[in-house]
Amino acid sequence: MKDRGHNRDPKQCHLKLKELRQAYQKTREANGRSGSEPQTCCFYDELHAI
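Letter by letter, the sequence shown follows residues 1 to 50 of the UniProt record's numbering.
Just to be clear, a hint being listed does not mean it is correct.
[Stated by the list, open to error] Within a straight-line C-alpha distance of at most 30 Å, the following computed DSSO-like cross-link-like pairs (lysine-lysine) qualify:
no.	residue 1	residue 2
1	K2	K16
2	K26	K11
3	K18	K2
4	K26	K16
Quick caveat, the hints were computed from the structure, so don't treat them as lab data.
Generate the whole structure from the sequences, applying the supplied hints.
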(Lines of atoms letter the chains of each structure in order from A and count residues from 1; the text may use other names and numbers.)
(Lines give C-alpha, C1' and ligand atoms only; values in the text may rest on other atoms or scores of the structure.)
Protein backbone atom coordinates (compact mmCIF):
# COMPACT_ATOMS: atom_id res chain seq x y z
CA MET A 1 0.00 0.00 0.00
CA LYS A 2 2.87 2.38 0.64
CA ASP A 3 3.92 2.03 -3.00
CA ARG A 4 0.52 3.46 -3.94
CA GLY A 5 0.83 6.38 -1.53
CA HIS A 6 -1.32 5.03 1.32
CA ASN A 7 0.37 5.53 4.67
CA ARG A 8 -1.50 3.08 6.90
CA ASP A 9 -0.20 0.84 9.63
CA PRO A 10 -1.59 -2.64 10.37
CA LYS A 11 -3.59 -1.37 13.36
CA GLN A 12 -5.42 1.17 11.18
CA CYS A 13 -6.23 -1.49 8.57
CA HIS A 14 -7.49 -3.89 11.24
CA LEU A 15 -9.73 -1.20 12.76
CA LYS A 16 -11.16 -0.25 9.37
CA LEU A 17 -12.00 -3.86 8.53
CA LYS A 18 -13.58 -4.34 11.95
CA GLU A 19 -15.78 -1.25 11.50
CA LEU A 20 -16.82 -2.30 8.00
CA ARG A 21 -17.70 -5.80 9.24
CA GLN A 22 -19.77 -4.38 12.11
CA ALA A 23 -21.64 -1.98 9.81
CA TYR A 24 -22.38 -4.83 7.40
CA GLN A 25 -23.68 -7.11 10.18
CA LYS A 26 -25.84 -4.32 11.63
CA THR A 27 -27.31 -3.55 8.22
CA ARG A 28 -27.93 -7.21 7.45
CA GLU A 29 -29.74 -7.73 10.77
CA ALA A 30 -31.86 -4.61 10.21
CA ASN A 31 -32.83 -5.77 6.73
CA GLY A 32 -33.81 -9.18 8.11
CA ARG A 33 -36.54 -7.65 10.26
CA SER A 34 -39.96 -7.38 8.67
CA GLY A 35 -41.69 -4.03 8.52
CA SER A 36 -38.54 -1.94 8.50
CA GLU A 37 -37.14 0.27 5.80
CA PRO A 38 -34.34 -1.34 3.78
CA GLN A 39 -30.96 -0.04 4.93
CA THR A 40 -27.58 0.01 3.30
CA CYS A 41 -24.00 0.68 4.32
CA CYS A 42 -20.77 1.53 2.55
CA PHE A 43 -19.61 -1.33 0.32
CA TYR A 44 -22.62 -3.51 1.31
CA ASP A 45 -22.78 -5.28 -2.06
CA GLU A 46 -19.04 -5.93 -2.11
CA LEU A 47 -19.05 -7.28 1.45
CA HIS A 48 -22.11 -9.42 0.74
CA ALA A 49 -20.31 -11.00 -2.22
CA ILE A 50 -17.52 -12.14 0.11
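Against the structure, the hints:
no., hint, in the structure
1, K2 with K16, "holds, 17 Å"
2, K26 with K11, "holds, 23 Å"
3, K18 with K2, "holds, 21 Å"
4, K26 with K16, "holds, 15 Å"
Consistency note: the structure conflicts with none of the earlier hints.
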